[in-house]
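So the chains spell out like this:
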Amino acid sequence: DTGVSQNPRHKITKRGQNVTFRCDPISEHNRLYWYRQTLGQGPEFLTYFQNEAQLEKSRLLSDRFSAERPKGSFSTLEIQRTEQGDSAMYLCASSLPPGANVLTFGAGSRLTVL
Amino acid sequence: AQTVTQSQPEMSVQEAETVTLSCTYDTSENNYYLFWYKQPPSRQMILVIRQEAYKQQNATENRFSVNFQKAAKSFSLKISDSQLGDTAMYFCAFMKQGGSEKLVFGKGTKLTVNP
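Residue numbers (this note's numbering), protein chains in the order written: chain A, 1 to 114; chain B, 1 to 115.
FYI, nobody ran anything at the bench for these hints, they're computed from the structure.
Pairs of lysine-lysine, DSBU-like flavour, derived with a Cα cap of 30 Å:
{"hint": "1", "chain 1": "B", "residue 1": "Lys55", "chain 2": "B", "residue 2": "Lys110"}
{"hint": "2", "chain 1": "B", "residue 1": "Lys107", "chain 2": "A", "residue 2": "Lys11"}
{"hint": "3", "chain 1": "B", "residue 1": "Lys55", "chain 2": "B", "residue 2": "Lys96"}
{"hint": "4", "chain 1": "B", "residue 1": "Lys55", "chain 2": "B", "residue 2": "Lys70"}
{"hint": "5", "chain 1": "B", "residue 1": "Lys96", "chain 2": "A", "residue 2": "Lys71"}
{"hint": "6", "chain 1": "B", "residue 1": "Lys73", "chain 2": "B", "residue 2": "Lys55"}
{"hint": "7", "chain 1": "B", "residue 1": "Lys96", "chain 2": "A", "residue 2": "Lys57"}
{"hint": "8", "chain 1": "B", "residue 1": "Lys107", "chain 2": "B", "residue 2": "Lys96"}
{"hint": "9", "chain 1": "B", "residue 1": "Lys96", "chain 2": "B", "residue 2": "Lys70"}
{"hint": "10", "chain 1": "B", "residue 1": "Lys73", "chain 2": "A", "residue 2": "Lys57"}
{"hint": "11", "chain 1": "A", "residue 1": "Lys14", "chain 2": "A", "residue 2": "Lys57"}
{"hint": "12", "chain 1": "B", "residue 1": "Lys55", "chain 2": "B", "residue 2": "Lys78"}
{"hint": "13", "chain 1": "A", "residue 1": "Lys14", "chain 2": "B", "residue 2": "Lys107"}
{"hint": "14", "chain 1": "B", "residue 1": "Lys73", "chain 2": "B", "residue 2": "Lys107"}
{"hint": "15", "chain 1": "B", "residue 1": "Lys107", "chain 2": "A", "residue 2": "Lys57"}
{"hint": "16", "chain 1": "B", "residue 1": "Lys110", "chain 2": "A", "residue 2": "Lys11"}
{"hint": "17", "chain 1": "B", "residue 1": "Lys73", "chain 2": "B", "residue 2": "Lys96"}
Pulled out of the complex, with its shape left as it was, chain A reads as follows:
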């Protein structure tokens, strides 16, 4: 069990560029969540997957954001045409099958949009 892994840890990009973050959950976890955390705030839910199915998306997930989990293992979060307001920490978490209740978080990917 190597925990939840996120890459890259830090990404600096210019406004208008596309960025992609990757999350590798704990291997036996079939649920995967993405959260966004801005400075001074708690994490806010973006979306979650059960296996490869994306079952819920927050209204925060604008059409510039897309998340995938193609084989029910790792997941990617892509932000197109980045804006300065997208600057935040993007957190990934995974959990055991439904009912286990405990989410394990990765260290996050920090995005800075110049």
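With chain A held as given, fit chain B onto it using these hints.
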């Protein structure tokens, strides 16, 4: 929708002393879970303690304990014998039982343990 409120943006405590962090929440659900997560500087968020709403007994984990008042919708965290390593952001979080099991977080309390 559920909301979680942490009214103390920052707190400090002397090493070896006890500190209590406050959290209130609002929900119409009857079955849910409450959590405290710790986020050290530049490190990942880790679970401190969990409470099932149907349990009247307050959860404890070593030096960490909670005071869960369901009727008042209050869920405070007590840290006893504070250690320098307890310095971190502490987030209170709510999870509705069933469905997505997503967490709804408060804004956090920054705790500093002073030597």
